[in-house]
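Enquirer: Residue numbers (the numbering used here), protein chains in the order written: chain Z, 26 to 329; chain W, 540 to 856.
Simulated from the structure, these hints should not be mistaken for lab results. There may be inaccurate statements among the hints.
In silico DSS-like links for lysine-lysine, alpha-carbon gap of 30 Å or less [claimed, not checked]:
{"no.": "1", "chain 1": "W", "residue 1": "Lys848", "chain 2": "Z", "residue 2": "Lys267"}
{"no.": "2", "chain 1": "Z", "residue 1": "Lys111", "chain 2": "Z", "residue 2": "Lys64"}
{"no.": "3", "chain 1": "Z", "residue 1": "Lys267", "chain 2": "Z", "residue 2": "Lys89"}
{"no.": "4", "chain 1": "Z", "residue 1": "Lys53", "chain 2": "Z", "residue 2": "Lys267"}
{"no.": "5", "chain 1": "Z", "residue 1": "Lys111", "chain 2": "W", "residue 2": "Lys848"}
{"no.": "6", "chain 1": "Z", "residue 1": "Lys123", "chain 2": "Z", "residue 2": "Lys111"}
{"no.": "7", "chain 1": "Z", "residue 1": "Lys111", "chain 2": "W", "residue 2": "Lys779"}
{"no.": "8", "chain 1": "Z", "residue 1": "Lys123", "chain 2": "Z", "residue 2": "Lys171"}
{"no.": "9", "chain 1": "Z", "residue 1": "Lys111", "chain 2": "Z", "residue 2": "Lys89"}
{"no.": "10", "chain 1": "W", "residue 1": "Lys665", "chain 2": "Z", "residue 2": "Lys267"}
{"no.": "11", "chain 1": "Z", "residue 1": "Lys128", "chain 2": "W", "residue 2": "Lys779"}
{"no.": "12", "chain 1": "Z", "residue 1": "Lys171", "chain 2": "W", "residue 2": "Lys848"}
{"no.": "13", "chain 1": "Z", "residue 1": "Lys89", "chain 2": "Z", "residue 2": "Lys123"}
{"no.": "14", "chain 1": "Z", "residue 1": "Lys123", "chain 2": "W", "residue 2": "Lys779"}
{"no.": "15", "chain 1": "Z", "residue 1": "Lys89", "chain 2": "Z", "residue 2": "Lys179"}
{"no.": "16", "chain 1": "Z", "residue 1": "Lys89", "chain 2": "Z", "residue 2": "Lys53"}
{"no.": "17", "chain 1": "Z", "residue 1": "Lys128", "chain 2": "Z", "residue 2": "Lys171"}
{"no.": "18", "chain 1": "Z", "residue 1": "Lys64", "chain 2": "Z", "residue 2": "Lys53"}
{"no.": "19", "chain 1": "Z", "residue 1": "Lys64", "chain 2": "Z", "residue 2": "Lys171"}
{"no.": "20", "chain 1": "W", "residue 1": "Lys848", "chain 2": "Z", "residue 2": "Lys179"}
{"no.": "21", "chain 1": "Z", "residue 1": "Lys279", "chain 2": "Z", "residue 2": "Lys306"}
{"no.": "22", "chain 1": "Z", "residue 1": "Lys128", "chain 2": "Z", "residue 2": "Lys279"}
{"no.": "23", "chain 1": "Z", "residue 1": "Lys89", "chain 2": "Z", "residue 2": "Lys306"}
{"no.": "24", "chain 1": "Z", "residue 1": "Lys128", "chain 2": "Z", "residue 2": "Lys64"}
So the derived list for chain Z, only partly shown, Cβ under 7 Å to chain W, looks like this [stated by the list, open to error]:
{"no.": "25", "residue": "Gly58"}
{"no.": "26", "residue": "Gln59"}
{"no.": "27", "residue": "Val61"}
{"no.": "28", "residue": "Leu110"}
{"no.": "29", "residue": "Ile260"}
Quick reminder that beta carbons are idealized off the backbone N, C-alpha and C, glycines included.
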Amino acid sequence: MNWISNVVRPKIRNMLARRDTPENLWIKCPETGQLVFFKDVEANQFVIPGSNYHMRMGATARLKSMFDGETWLDIGVRDVPLDPLKFRDARRYTDRLKDARTKTGMNDAVKLGYGRLDGLPVVIGVQDFDFMGGSLGMAAGEAVIKGLETAVDKGSPFILFAASGGARMQEGILALMQLPRTTVGVQRLREAHLPYIVVLTNPTTGGVTASYAMLGDVHIAEPGALIGFAGPRVIEQTIREKLPEGFQKSEYLKEHGMVDMVVPRQELRATLANLCRLLTKAEPGTAAISPAPERQALPAPSNA
Amino acid sequence: MRSYLDFEKPVAELEAKIEELRALSATGDNGTIGEEIARLEAKASGVLNDIYSELTPWQKTQVARHPQRPHCLDYIAGLMTDFVPLAGDRTFGDDDAIIGGFGRFRGESVCVIGQEKGSNTEARLKHNFGMARPEGYRKAVRLMEMADRFDIPVIGLVDTAGAYPGIGAEERGQAEAIARSTDTCLGLGAPNIAIVLGEGGSGGAIALATANRVLMLQHAIYSVISPEGAASILWRDTTKAQEAATNMKITSDDMTWLGIIDGVITEPAGGAHRDPAAAIAATGAAIDKAFGELNGLSRDTVRRQRRDKFLNIGRSL
């Protein structure tokens, strides 16, 4: 660390961050460094053409990409007490909240919608990383619970897009309590025999993975997402070793049996629609589903 | 040899003086020394009570982590008879950070599951300082499911800085293992009680602490992240742990007004480590009372009450 990284880089970052919905902006692929036109990326569901790097996707864009006709009903969530701990670190928690609300236009990190996905009614919850790192506090916890409850009421599947750095530390123990609380919601959906599908996006770590994000009937991960309980930095500090290549990435989790599939964003909608229809025994829909796996010719019996 | 915490220094000095006088009185008989010892002992106990009646959250953190504080195995030895420890998750291995098994509490069958930190260097290594891996939580799930099948109540003894952050633990699904353990707690038709004995650290704690009754020792702490972790992440300064401990609200008093716990177990004067037997006995009485309240409820009621309790947390603050 030196003054360049401490002072200059954050300032540059601030300058970039202040421009909302930039027009004519070129952005750099974090993976390959190639420069791409922002509008092309936006039109491609925030996947960088060429490198196929999946950028983070905001809650509204995500709901738009999922629901038929890009329309849905917003689901309201009950109010939660504001900052009962009167918490402050370097800044007041209430100030941080205010900033996040201004920046994102959201009330908190989770947005809920009820609408049709390929004709089938579903409830979708999206965690937005831009809202204080998608952190799980009382408001996000209530939203997840409300999403699960609405699905039970409507008799529909619940799809959750997870993206979070973990529990919201500014809410202390009340944030930790969202682990069991959301789990109660998951159990009620399970008892109603309705499907719960989790889509793990970059990044999903901490308390969110230790509760509702790892309790789905089906776990789907977007390519290259960081998914894990402890963050890589904490692990490195604990074991004082370099972490293996690809550690805690989607493909790694698939290999270790924690997710069912890694699905590129362009195929996500069709995959989700198909799964929801299969698990609710609905008729096949119209969304283009991925082609059936190619039949492999059986190996000829060997008569050695 | 007693180890003293830095804020216990006035007591340490008095107790050292008492020791000196005792040694002196053993060599030559002197009536006034006995009186002096009694006077100093009274003074030491007064000072100790004063200090412990006003512990700061950071001081409580140190008490909660005191190496001589009674741990899970001490409570099992003190409160249970016929205890049979069981091992393994039937999938990968056994995890000594979590002790689990069946025994009798006040003559009745119970299942006990808890984190053990270890009381000496060798034991601490064996139990991985009470930081469990997925196998530990999967063993807990296995034992809770077994207990529930036989309608046997479950006691969770919580004492961990958190789940272990390591490569193997991540590979084998630490997050999923914790989530399933909490899930299993919430599904039990048999009543369960959890006691935060020392440190209730984050997801690693809640996995065993999702119970019909959650109790906490007076000087234990319960938090979403360790004060050091919060200092490092929120303040980006590890020296701010004391401030983090205060601002995060982690003491048993805080847990009471926040509605997180159902009761506080009073510790003996000067903390549980000064009189482990008394702390263990008080805990036994509290467990007994809590099970008494849950006695005779139907399995559905037990499950519903537990879920409603957690859903209501924070809603009326």
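Enquirer: Decide, hint by hint, whether the structure agrees.
Expert: Evaluation of the provided hints:
1. W:Lys848 to Z:Lys267: violated (43 Å)
2. Z:Lys111 to Z:Lys64: Since the Cα atoms of Z:Lys111 and Z:Lys64 sit roughly 42 Å apart, the hinted pair is violated (cutoff 30 Å).
3. Z:Lys267 to Z:Lys89: The hint is violated at about 40 Å.
4. Z:Lys53 to Z:Lys267: Holds - the C-alpha atoms of Z:Lys267 and Z:Lys53 are around 27 Å apart, at most 30 Å.
5. Z:Lys111 to W:Lys848: holds (24 Å)
6. Z:Lys123 to Z:Lys111: holds (14 Å)
7. Z:Lys111 to W:Lys779: holds (17 Å)
8. Z:Lys123 to Z:Lys171: Distance of about 23 Å is within 30 Å: holds.
9. Z:Lys111 to Z:Lys89: Violated, because 36 Å separates the two Cα atoms, which is more than 30 Å.
10. W:Lys665 to Z:Lys267: holds (25 Å)
11. Z:Lys128 to W:Lys779: Measuring from Cα to Cα gives roughly 29 Å; hence the hint holds.
12. Z:Lys171 to W:Lys848: This hinted pair holds, its Cα atoms lying about 17 Å apart.
13. Z:Lys89 to Z:Lys123: holds (25 Å)
14. Z:Lys123 to W:Lys779: holds (25 Å)
15. Z:Lys89 to Z:Lys179: Answer holds: Z:Lys89 to Z:Lys179 is near 20 Å, not above 30 Å.
16. Z:Lys89 to Z:Lys53: This hinted pair holds, its Cα atoms lying about 25 Å apart.
17. Z:Lys128 to Z:Lys171: holds (24 Å)
18. Z:Lys64 to Z:Lys53: holds (13 Å)
19. Z:Lys64 to Z:Lys171: Violated - the C-alpha atoms of Z:Lys171 and Z:Lys64 are around 34 Å apart, more than 30 Å.
20. W:Lys848 to Z:Lys179: Measuring from Cα to Cα gives roughly 25 Å; hence the hint holds.
21. Z:Lys279 to Z:Lys306: holds (26 Å)
22. Z:Lys128 to Z:Lys279: This hinted pair is violated, its Cα atoms lying about 34 Å apart.
23. Z:Lys89 to Z:Lys306: Roughly 25 Å separates the two Cα atoms, so the pair holds.
24. Z:Lys128 to Z:Lys64: holds (20 Å)
25. Gly58: At 28 Å from the nearest chain W Cβ, Z:Gly58 fails the 7 Å test, so the hint is violated.
26. Gln59: violated (31 Å)
27. Val61: Z:Val61 check fails; min Cβ-Cβ to chain W is 32 Å, beyond 7 Å.
28. Leu110: Since chain W brings a Cβ to about 5 Å from Z:Leu110, closer than 7 Å, the hint holds.
29. Ile260: Result: holds, 5 Å to nearest chain W Cβ.
In this structure, the earlier hints numbered 1, 2, 3, 9, 19, 22, 25, 26 and 27 are contradicted, and the remaining ones agree with it.
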